[in-house]
Amino acid sequence: MRVIVPLQAVVQGRGGLVLGSLIPCALFYFLQFYLRRNRPSSPPPPHSSASGSNLPELASIHRSLSRSLLSPRGSYGPARLSSRGTAVARDDDNPYYVGLKRCADDPYNRSTNPQGFLLLGLAENRLSLDIIQDWLVKNWKESVLLDDEEGELSIQGLATYQPYDGSMDLKTAVAEFMGQVMQGSVSFNPSHVVLTAGATPAVETLSFCLADPGDAFLVPSPYYPGWDRDIKWRAGVELIPVPCRSTDNFSISIAALELAYNQVKKRGMKVRAVLVSNPSNPVGSLIDRETLCGLLDFVMEKNIHLISDEIFAGSTYGSDKFVSVAEVLDAESFDKSRVHIIYGLSKDLSVPGFRVGVIYSYNENVLAAASKLARFSSISAPTQRLLISMLSDRKFIAKYLTVNRARLHDMHALFVDGLKQLGIKCASSSGGFYCWADMSMFIRPYSEKGELKLWDNLLNVAKVNVTPGSSCHCIEPGWFRCCFTTLTEKDVPTVLERIQKITKSN
Amino acid sequence: MAKKGVPLSEMATADTHGEDSPYFAGWKAYDEDPYDAASNPSGVIQMGLAENQVSFDLLEDYLEQHPQEFGWGCGISSFRENALFQDYHGLQTFRRAVALFMEQIRGGRTQFDPEHIVLTAGATAANELLSFILADPGDGLLIPTPYYPGFDRDLRWRTGVNIIPVHCNSSNGFQITLRALEDACTGAESMKVRVKGFLLTNPSNPLGVAITRPILEEILDFVSQKDIHLISDEIYSGSVFSSDEFVSMAEIVEARGHEERERVHIVYSLSKDLGLPGYRVGTIYSYNDQVVTTARRMSSFTLVSSQTQKMLASMLSDKEFTKNYLRTNRERLKKRYEFVVERLSNAGIRCLRGNAGLFCWMNLGELLEEPTVEGELSLWNLILHEAKLNISPGSSCHCLEAGWFRVCFANMSQQTLEVALRRMKDFTEKMKEG
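Going down the list, the sequences are from chains R and D. Basically my numbering = 1-based index in the first sequence + 128. Basically my numbering = 1-based index in the second sequence + 12.
It is worth saying that the hints were derived from the structure and are not from the lab.
Beyond 10 Å from chain D on every Cβ pair, some chain R residues (computed): (1) R230; (2) P318; (3) K360; (4) E418; (5) S517; (6) M569; (7) E576; (8) G578; (9) V620; (10) I630; (11) N634.
Simulated pairs of lysine-lysine, DSS-like, Cα-Cα distance not exceeding 30 Å: (12) R/K360 with R/K398; (13) R/K430 with R/K500; (14) R/K553 with R/K229; (15) D/K335 with R/K269; (16) D/K331 with R/K269; (17) R/K398 with R/K430; (18) R/K360 with D/K204; (19) D/K400 with R/K500.
Source: prediction; values computed, not measured. For glycine and all other residues, C-beta sits at the position ideal for the given N, C-alpha and C.
Just chain R, with the same shape it has in the complex (with noise of 0.2 Å):
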């Protein structure tokens, strides 16, 4: 506008605001399109959204002017991602994320939001925190702040650095839980234990140490979803599913596992270790001795790693017995440096927030680089002692595995019967937070694609939450793993009234 007033005191008269106000427009767009034209090809947008960008044009293009008179960029940048970095920033559509992202900011709760989202898709148990609750109403104190030695209060032993892979007091305690949770059938030497923040690390820890970017673990499917992720995302294992059937309840195949090892060895990959789960999830069942042996022989065949992920070991509630792949290991003569368990606090204890995971391991390389690779990745002190209070207090931990089990069992059981008469059948299980559902004969086509228009009903019109069995990588379209364990018996017939709005439709 400066710019005007002179130009009119220059040309007088009304032509003089009319060129006034013409020129320097003129001007400006000359000056536009002389430095768009003159301006070095630039590179392509850096891959930032548009937040909080509030300057003037004229800034940007001094930079890119600047970059003319730049060295060739050839050994550098440009300042974008890695292609690793790129991969994981990369939008999931995957169900299993999409459905617990949608449910995360409108969560169903009876009082206060009883539209909301049935969190059937989240293996986490609300059943037996009020039991924690109330004994750190007694012990908090004592079990949180207190120096050992002096009795006073004191940050000093929590404050300073503490081994990466946990304190011999809180690895001495957690081998014991175990131990407690597999109801004595084994004891756990805690200088087999390297803890880690949560039981994600850990199996990523472990996969690090077992396999190199490129080779492969086979993994009896349907197989939880996360480990697509945990395992593939930083140390590059694929993950080759082995289909397990529904007509023997999705046991493991010792036949196809070998079909499915030769398979990948054709491909040129090499095959590292079978991964497993015990209780399974997404199906809840047991892996029985003499599977378990297969297993041991299968791996010990092919001089391959067996890792077990026993996470849901303290979970179990029906009438079969629970047997730990170190149970086998103890009675049997098989070589115990090719197994590994992981194992951790979120789901047995209830505390998923805390960062609790565990690598058990015989190997004492594993152990040896696993302990060092734990600094990426170790529990906060406080906790640790926190924990070592509470684990310490056998007789509370009895009296809550054995309620939490009892309160699984019971909800399992009302939820399955509810499913039943929906006309829903569930596979057996005997552990974990979930149930296995069959919801196929409601699924159209029977394919994949029916599976996921059946999920995105049930999650957008009904607002229940589940896992599609394509996500768990199962081979049969229409199954669903629905978790039990967010809800209160009140809740369940809400649950079931929304599920029966969608299959009644199909």
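Chain R is fixed; fit chain D onto it per the hints.
Showing chain D alone in chain R's frame:
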């Protein structure tokens, strides 16, 4: 080590973890024979661990006045939600508290948006995460020497990323120069390594010096020119003896344009300034939305305990407490530093003029039999076994000049420090005689 049997990965069997270096070997010697004034007065004094124990009493006072903070607030009912909370976004109250704390450290000269804070279990994890996100295997990160020995492991081990040293020397107080940057880049080019970023530690470890504004500007210009990322590890920002001597990269960035912001990422942690390494609280502050999103997702492997987040949220939001803490902590560190430098000077030992951190950068060049890495390590060994002091040799920090050592002074009581300095004096006198 690898016995015949089921094979492990390359990573598990290689030694990229770097724990065979003298930096860590000294720790082993300490672990086997640790000094204790009463029970083991001739044990090894640990001067190789950059840990801050000078201000514990302030934290404990806070605890005494606010015990509820450490037990899920008034009434344990919030325990339920907390125990279940494993959202990788982190507790909002905690993120806000961390942002506030970081702003306070910088005297309110910068602003940090809690939505751009990604929490990790320690700065170790934060640095590794950034290395994964910003560089691919085989790519390079430029790092000025001397640098924190842990970087060799944290940035390279699982990521497969290379470190390209930018060599600094004592002729100008080890300041980073454009020439050194260009030399490093030329070196990378000749090795066909693609440089993806520059990692700056400000204040510097092991130098104990806050980087000056002109050099920070120069560095930001340089990374913009090369179109690479800039990681500013400001883990010691609250340990600058005089708060107005610290210039954060955030200050430089805020004065510049949008495009410059997108390449800058700041790492922070409560391990040094607040003396809480056991709590495992680290953070990445990035101006780049995509980096924030990606880092958040990857932080699933390294989440901060929800209990810890809850516990510290109120403490870090307590402006009166943090103001007093930061001021007192700085004063105490400054006093310690001056004490150490004076005593060393009396023993005829020069130190680099420092103004930050938990350590000083000391020169023992005169005592070396030969001005080489071997000479330095042999002297280091002597100091470890005769003077019973574990200090860090400059060669573990990739310092090209032999004879420099990092000496930590904040991880022990004043009494222990006096014993250590006396031992150092006795040792140097003996060496000079012999």
